[in-house]
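Trainee: This is what each chain is made of:
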Amino acid sequence: GEDVEQSLFLSVREGDSSVINCTYTDSSSTYLYWYKQEPGAGLQLLTYIFSNMDMKQDQRLTVLLNKKDKHLSLRIADTQTGDSAIYFCAERNTGFQKLVFGTGTRLLVSP
Amino acid sequence: EAQVTQNPRYLITVTGKKLTVTCSQNMNHEYMSWYRQDPGLGLRQIYYSMNVEVTDKGDVPEGYKVSRKEKRNFPLILESPSPNQTSLYFCASSLTGTNEQFFGPGTRLTVL
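Protein chains in written order, with my numbering: chain A, 1 to 111; chain B, 1 to 112.
Worth flagging that the hints you see were computed from the coordinates, not collected in a lab.
Every value quoted in this text rests on a predicted model; they were computed, and no experiment measured them.
Cβ coordinates follow ideal geometry from the N, Cα and C atoms, glycine included.
Please note that the accuracy of each hint is not assured.
Now the in silico label distances, taken between C-beta atoms and shown as ranges [stated by the list, open to error]:
1) Arg106(A) / Thr15(B): 27 to 35 Å
2) Lys68(A) / Asn7(B): 43 to 51 Å
3) Phe50(A) / Thr110(B): 37 to 45 Å
4) Gln44(A) / Thr86(B): 21 to 29 Å
5) Asp56(B) / Gln59(A): 34 to 42 Å
6) Ala77(A) / Thr13(B): 38 to 46 Å
7) Val19(A) / Thr13(B): 37 to 45 Å
8) Pro111(A) / Gly63(B): 42 to 50 Å
9) Gly15(A) / Ile77(B): 44 to 52 Å
10) Phe50(A) / Thr5(B): 26 to 34 Å
Cut-off 30 Å, straight-line C-alpha distance, at most; resulting in silico cross-link-like pairs (DSSO-like, lysine-lysine) [claimed, not checked]:
11) Lys17(B) / Lys71(B)
12) Lys98(A) / Lys70(A)
13) Lys36(A) / Lys98(A)
14) Lys98(A) / Lys67(A)
15) Lys57(B) / Lys69(B)
16) Lys71(B) / Lys36(A)
17) Lys57(B) / Lys70(A)
18) Lys56(A) / Lys67(A)
19) Lys17(B) / Lys69(B)
20) Lys98(A) / Lys68(A)
21) Lys70(A) / Lys36(A)
22) Lys56(A) / Lys98(A)
23) Lys56(A) / Lys68(A)
24) Lys57(B) / Lys98(A)
25) Lys69(B) / Lys98(A)
26) Lys18(B) / Lys57(B)
27) Lys57(B) / Lys36(A)
28) Lys36(A) / Lys65(B)
29) Lys65(B) / Lys18(B)
30) Lys36(A) / Lys67(A)
31) Lys70(A) / Lys56(A)
32) Lys98(A) / Lys65(B)
33) Lys71(B) / Lys57(B)
34) Lys18(B) / Lys71(B)
35) Lys65(B) / Lys17(B)
36) Lys71(B) / Lys98(A)
37) Lys18(B) / Lys98(A)
Extracted from the complex, chain A is given alone in its bound form (with noise of 0.2 Å):
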């Protein structure tokens, strides 16, 4: 069945890049997606990836995609205390209506 890994936790200083990590099973996925949960508030999408893609690039949102090793990554440029948030890999399957989300990685950004 499909499973979707992360890791739970990640401290960065402000200034510096944070990358989060994501690893899935299901070799048929074809989006992949990052969703940013703040403290009390539901999930916002912030970026997403088509299976087909390697890269995409949002101005300081940079997602890599490795297919191969089913390994999806966030990178945050000139991480700020406002991204401080827990952060949701999710894949989904071409028409299937469900998303699997993995498991959260709490961002921690120190000043």
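Please build the complex by placing chain B on the supplied structure of chain A, with the hints as guidance.
Mentor: Below, chain B without anything else, positioned relative to chain A:
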């Protein structure tokens, strides 16, 4: 403002007392879904609905019911809550099942 709303945001109840968590969206979305979030487990889907009167089980449907009588509303019903249903619940909606999902703010439920 386009949004998904949930009520209540916080609820403490006792075992066996029926409760309903409401979810409403104002974006005319066809697809709606309920998730529960537990530490170390991420979000797991409880039920989803492709359209009015069309619902189906997700990964963890036991102990829950849903209904979709109107497009905008998708209530989650716990007929006889138990302590293992203590969790943070999210409703989400999307235009279709394959589009971006918009999440509500969450409902924190504690069952004593």
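Trainee: Next step is simple, just say for each hint if it's right about the structure.
Mentor: To see whether the hints hold, each was checked on the structure:
no.	hint	result
1	Arg106(A) / Thr15(B): 27 to 35 Å	holds, 31 Å
2	Lys68(A) / Asn7(B): 43 to 51 Å	holds, 46 Å
3	Phe50(A) / Thr110(B): 37 to 45 Å	holds, 40 Å
4	Gln44(A) / Thr86(B): 21 to 29 Å	holds, 25 Å
5	Asp56(B) / Gln59(A): 34 to 42 Å	holds, 37 Å
6	Ala77(A) / Thr13(B): 38 to 46 Å	holds, 45 Å
7	Val19(A) / Thr13(B): 37 to 45 Å	holds, 41 Å
8	Pro111(A) / Gly63(B): 42 to 50 Å	holds, 44 Å
9	Gly15(A) / Ile77(B): 44 to 52 Å	holds, 48 Å
10	Phe50(A) / Thr5(B): 26 to 34 Å	holds, 31 Å
11	Lys17(B) / Lys71(B)	holds, 27 Å
12	Lys98(A) / Lys70(A)	holds, 19 Å
13	Lys36(A) / Lys98(A)	holds, 18 Å
14	Lys98(A) / Lys67(A)	holds, 21 Å
15	Lys57(B) / Lys69(B)	holds, 17 Å
16	Lys71(B) / Lys36(A)	holds, 27 Å
17	Lys57(B) / Lys70(A)	holds, 27 Å
18	Lys56(A) / Lys67(A)	holds, 14 Å
19	Lys17(B) / Lys69(B)	holds, 23 Å
20	Lys98(A) / Lys68(A)	holds, 23 Å
21	Lys70(A) / Lys36(A)	holds, 21 Å
22	Lys56(A) / Lys98(A)	holds, 23 Å
23	Lys56(A) / Lys68(A)	holds, 17 Å
24	Lys57(B) / Lys98(A)	holds, 11 Å
25	Lys69(B) / Lys98(A)	holds, 21 Å
26	Lys18(B) / Lys57(B)	holds, 20 Å
27	Lys57(B) / Lys36(A)	holds, 26 Å
28	Lys36(A) / Lys65(B)	holds, 28 Å
29	Lys65(B) / Lys18(B)	holds, 11 Å
30	Lys36(A) / Lys67(A)	holds, 23 Å
31	Lys70(A) / Lys56(A)	holds, 16 Å
32	Lys98(A) / Lys65(B)	holds, 18 Å
33	Lys71(B) / Lys57(B)	holds, 18 Å
34	Lys18(B) / Lys71(B)	holds, 24 Å
35	Lys65(B) / Lys17(B)	holds, 14 Å
36	Lys71(B) / Lys98(A)	holds, 19 Å
37	Lys18(B) / Lys98(A)	holds, 27 Å
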